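A.B. asks: Given chain A, put chain B in place with the hints provided.
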Amino acid sequence: MKSIVVKDLAKRYSNGTEAVKGISFELEKGEIFGMVGPNGAGKTTTIKMITTLTTITSGDAFVSGIDVKKHPEKVRRIIGMVPQDLSVDDDLHGFENLVLSGKLYGMDTKLAVKKANMLLDFFDLTEFKDKDVGSYSGGMKKRLDLASGLMHEPEVLFLDEPTLGLDTQTRSKIWDYVKRLNKELNMTILVTTHYLEEADMLCNRIAIVDFGKIVALDKPSALKEGIGNSVMMVKVKNDLEKTKKLIENIDGVGEITMYKEDLKVTLKRMEVAPAILETMYSNKITLERLSIKEPSLDDVFIHYTGAALRDREEKTDSMAMRRTMRRMRQ
Amino acid sequence: MKTAFFALLVREMKKWYRTPVFFIVSMAQPIIWVVLFGSAFDITRLFGNLPPQAIAAIMNTEFMGAKNYISFLSGGIMTVTILFASMVSGMSLIWDRRFGYLAKLMVSPIRRETVFMTKVFSSIIKGIVQASIIFVVVIIMPSGLILGSGFGIVDLLTIYFVLFLCALIFSSLFVMIAVRTTKWETAMGIANFLNLPLMFASTALFPSSAMPGWLKFIAVRNPISYAANTLRILTIKGSLSGALINTVMLNIAYLSAYAVIALVAGFIISYFTLTDTSYS
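Going down the list, the sequences are from chains A and B. When we follow our numbering, the leftmost residue of the first sequence carries the number 4, and every step to the right adds one. When we follow our numbering, the leftmost residue of the second sequence carries the number 136, and every step to the right adds one.
Hints in this document: simulated from the structure, not taken from any laboratory. Model, not experiment: these values are computed from the prediction.
Here are the simulated PhoX-like cross-link-like pairs (lysine-lysine), alpha carbons at most 25 Å apart as the crow flies:
(1) LYS351(B) to LYS202(B)
(2) LYS113(A) to LYS150(B)
(3) LYS149(B) to LYS134(A)
(4) LYS176(A) to LYS222(A)
(5) LYS182(A) to LYS32(A)
(6) LYS245(A) to LYS271(A)
(7) LYS137(B) to LYS77(A)
(8) LYS132(A) to LYS150(B)
(9) LYS149(B) to LYS113(A)
(10) LYS263(A) to LYS287(A)
(11) LYS150(B) to LYS134(A)
Just chain A, same shape as in the assembly (with noise of 0.2 Å):
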């Protein structure tokens, strides 16, 4: 059976927003699943909705087989969330948040203990388990959080950004562990994340989602392979347009886009480009600067949205980055 499966999922809030328009995928038994986007382009409504947290406007969601619209506390049984925001109680130790999180799930005291210990030798907690929350590490708070959404074993996990706002160690140190729960316990993991690098690495499938809609859905390596082969970034100092359509008669050379002042060339082959060197050192003109590269996601995210990740959320990463940060330190 699969794990998640959405149809033509939509959520309008009552102020007349359309935050996701419709969005359909499904996830296989032991799948990672992520999905890519700037802030506001509708993942973490499209957790939510499938988390039973927000009601859907239209479209369904099956977990397990379970319609999330019918019997929504069956589903809050089988599925663990990670919020965005930390969801630990500053105030409790440690274990005592994992304890009072097994027992949210109707747990006996000795069970929830016994997990308890588990899970915080798992994410090297141990050392801390009789600390106050709020004397912990942006980290140790976020793998506090990690292990509370695992206390009752879910068949589904899901992780709203769950490296938002952490340092490049912790970030690595969070993806080993999600992918040591995959391995070991075979779990299905939907997670969202705009570091697309990371998406790269640890997802089976990812999906682009911009303006509440999936723009492309696949495996990595096949979404980089779908833009083209490698490219070619040149900066010129005169006469742009001259290189452009001499470039374009070359041999070899696919779609050439304009992205900020350079000129992006896709390179059907490799050996493309130094015919295009060649080509530019006897008409004359002046290179400014050069690059080659292979395909990345940021390429794929340019080419499906017209925009790098990057700009277009300058604004609002920047203010979800602070509001994480503050909270991290108290």
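C.D. replies: Relative to chain A, chain B alone:
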């Protein structure tokens, strides 16, 4: 779902006693009311030149037969203590939302009403503990509360039942406000806006005979007045006669009606508000 309810109740208690400064401050306030306000506003001193029998007569008709002002004030302050304790702990729901804990509760299979009920009951426990301390303080303080002769265990249990009803009314009210509000500032504003009129338009501090007609009209219908008056009858009068028993029963009936309304309203509002957390 009993497990979740008690686990969450324990959480509230831990958060309470682990913040001793907050605990002490919240206790100090009502004690200040009794000791400072009670001593400064001792109305009976204004009767200084009257013969003792005349004073006794006034105390009998206006102050329910209290032997001094603090005996009269005690019931009122215990009630007001409950009001303020309910406000503070009811509002803690807003912090749970702010700090993300509410999201954890909402994604778990606990019933939406359980969140409301844990807040209400933890608030009742806190309020009753605080009121009990006030009760002890007014009894042991010099020229404090003078219990009526024949005060017994039934009176004590009835006092606690009244305190319970009173806490149930006000914590339901404040949790209801907190569940609908996302901003701490807004909720505090509403709470303060409600608290002072609730306290002053009641017989918590003064007898209603001293009030103008319109205020009296409001005051006698205020649940705080029902609770304060009942506590006074129980503490000051001692062994109760038939008529007083009837008054106590009637007041408890009124309080119960208020409690049922507040509880049902809070229950419904929490259920519908928490079912869709997208507003937060």
